[in-house]
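Read off the chains here:
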Amino acid sequence: MRSPRMAQKKKDMWFALLLIVPTALVLVRVFIVPIYQSAVWSLYHYDLLDGSTTRFVGLQNYVDALKSAAFWLATKRTFYFAVLTVVVELLLGFFIALLINQKFRGRTFFRAIIIIPWAMLTLVNGLLWDWIYQPGFGALTVVLHALHILPKTDNPVWLATSSHIMNFVAVADIWKMTPFMSLILLAGLQAIPEELYEAAAMDGAGFWTKLWHVTIPQLMPSIMVAVVLRIMGAFRVYDILTVFTGDPNTSLSYLTFNNAFRYFYFGKASALAWLSTLFILVLITLYIRMLKRNMEAN
Amino acid sequence: MSKAGPSVITPGNASPPPQQSLHRRSIRQVWFTPKSNELIPKFWLWLGLLIMAVFTLAPFIYLFTSSISDTPDLLGGRLFPAHPTLYNYVRLLTGNGAGDYLASVRNSVEVAVMTTVISMVIGTLAAYAFARFRFPLRMTMLFGILAMQILPSISIIVPLYITMRNGLSIPIPFTHAFLLHTGSLLDSVWSLIIAYTSFSIPFVVWLLSGYFQTIPRELEESAFVDGCGRWRAMMRVILPLSVPGLAATAIFTLLNAWDEFVIANAFTQTYASKTLPIAIAEFIGKHGMDWGLMTAGGFIGSLPPVIIAMFLYRYIVSGLTVGGVKG
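Read top to bottom, the protein sequences are chains A and B. Counting from 302, one number per residue, gives the positions in the first sequence under the numbering used here. Counting from 171, one number per residue, gives the positions in the second sequence under the numbering used here.
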């Protein structure tokens, strides 16, 4: 028996398909095809400036990358940067979220100002901190001199040693992205019922006890998601580095970009892109698992 | 902040306090004991807020004060200018490179607006389909889209560059004809619009399909009873109710397109298509940085997103909740 219900269902299917077609076209053409091409080219010697001779070389590009000191240096620094920034951003962001979650006069104002660093252009953020770190007349030196933390005669060139640059880049990133962390955690905090705090207070719990036994367990899903999102963000770090340093070994994305658009080694760059994508894919899988668990919990 | 712990000790109530110390205790209670449903005592709350405000605002204010400083003040290490001046802004907007800077502003506006409009239109349709219909591979496709949203642009930037260089084409299968064939798109804002659209559509679909699911089906069904088709129900009922979600998504897309640097840096060669971040990056000249121009240009470039974010932060927070955490 063919019911009108079945007919409606079939009609709905066609309608759904029609709605998805534009998105599917764009994503296939500008996402899936490029990813496939990038995988193919990573197996080729493909040098744009070299008469565009392409030659199949198998895994040679990957072997070259894994053997090169530059790759490992960039990987090490990227990981260092990711761990440092995410840990600090989580701690700072958490306490800021606690502050602006409480009810007080002028809360709207404080919630609005913390968004400023996050909204600023990333590149301008890099330049601003570069400006702050300028030897002699930059704000960092001037403030340290004024507070007598640094003797007037001492005038360090902050960005001189490339091994320390990542720390200074981290400060800039922490300033910019801590608000993002706070906002995600704030959204999580708002879902915690006040009664839990009241009950804890009845039991005589102080600040740290409440934090440890009420806030953190309740906030765990948000914390996990925020951390994974920020790690993935930290892996892309590029803008600040181009401003701070001409050293492409500072991060995986910088190294990849340089191979592609300074030397036009498209094969090598594709292999590098795939190597860093593999790191991220692990995280993406983790993130999706957590989201699925959150969705099931709701 | 780390000293917040010890101060929360509740005052002992063993013996009734003498009249004299009643006043002192009440200050202590007001400032150092949190209310039962709160976490942080007032004193530590305001100390924390003060530190937070300085941490957040100081660099931004420094950017502004630098932009209104003249060169001697800038290079003399003054945090606040002795003689505030709009000299840098005048130079930026009417000087030698003014045309280039203004062109980059125009490009940025074009790219951000077009990207937002196109990805909102296309993405909303798909988001609605994912939210309302059950079809095979629905979840797989959704999570595939989520993975695309997270993947860094660097992983597909090389093939995307070649695509833009050769021009975008949609061939008709099994023939040599093309449905669409553009010329080379490098050095036009369209290369950026297309690239950004492909990066923001996954985001739009993911965020909005989550949002649409929060709108009760009954509302649509009552529209069907009134004789609306699927399409009209979507336009008349669902979209108006989704304005907060749509706004959050559009703001994110707009801010991302305004901010993007990696792809723009690779795809744009001349001021026909350079965006604001690229133009500002170029103030790093061969002969050192022009800090006055940089701070003025950077301040102007950062103002639109900062203003948008400050006024619409409510939407941003709710957008983060729906998209980032709950899925």
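Treat the hints as calculated values from the structure; they're not laboratory data. Every residue gets a Cβ at the ideal spot worked out from N, C-alpha and C, and that includes glycine. Fair warning: there could be bad hints in the mix.
Stretch-level coverage of chain B by chain A, calculated; a stretch enters the list once three of its residues show a Cβ under 8 Å from a Cβ in chain A [unchecked claim]: (1) 276-286; (2) 294-307; (3) 329-335; (4) 344-357; (5) 389-395; (6) 435-447.
Hints and how they fare:
| no. | hint | result |
| --- | --- | --- |
| 1 | 276-286 | violated (count 0) |
| 2 | 294-307 | holds (count 8) |
| 3 | 329-335 | holds (count 5) |
| 4 | 344-357 | violated (count 0) |
| 5 | 389-395 | violated (count 0) |
| 6 | 435-447 | holds (count 4) |
The structure fails hints 1, 4 and 5 (numbered hints given earlier, in ascending order).
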